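A.B. asks: Under this note's numbering, think of the first position of the sequence shown as 2, with each following residue one higher.
It is possible that part of the hints are untrue.
[As the list claims (entries may be wrong)] Computed beta-carbon distance windows for the label pairs:
1. R36 x Q102: 48 to 54 Å
2. F5 x Q38: 44 to 50 Å
3. Q32 x E133: 51 to 57 Å
If you're looking for bench data, these hints aren't it; they were derived computationally from the structure.
Remember, predicted model here, so these are calculated numbers, not experimental data.
Cβ coordinates follow ideal geometry from the N, Cα and C atoms, glycine included.
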Amino acid sequence: MKQFRYRLETVLDYKTQVLDNLKTEHAVILQKVNRKQEEITGLHQELAGFESSFDKAKEEGAAIENYRLFDMCIGRMEQIIDEEKARLKVLRRQEEEKKKQVITAKVDTSKFEKLKEKKLQEYQKAAAKADEAFIEEFVTGNTLRIRPQHRG
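Required output: the full structure, derived from the provided sequences and hints.
C.D. replies: Below, the structure is given as structure tokens:
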């Protein structure tokens, strides 16, 4: 019997390659999301530093220009944080879309893998039947040849 060959192997290989590429793209976007979250955390810490410096300047008393400067810095930091949060939201949407694509590709690839397994099992059953038939034919053929020799 011929060796097992899955006719859709090239399709399965292509689907697997697409899945791997999508997983890589998803990982890159996920990394961007994590970096952006860390960046926002750093900005919050920087803002907290400005706010504590401002509180300290208020307690010690400072010129009005310093109050105004702190107010402008704090306002700008809040604006930057809001902008980065909006960028993070976009990245999260992209990550979610890519995740859906990965899931779809995984399901698609999975179908071809299961079909391959099914075809392999069918092939193995057919091979086992062919082997059994061959053995049975061999045994009955030998039995028929041996019987006349014992009588003689």
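A.B. asks: What hint numbers does the structure not satisfy?
C.D. replies: 1
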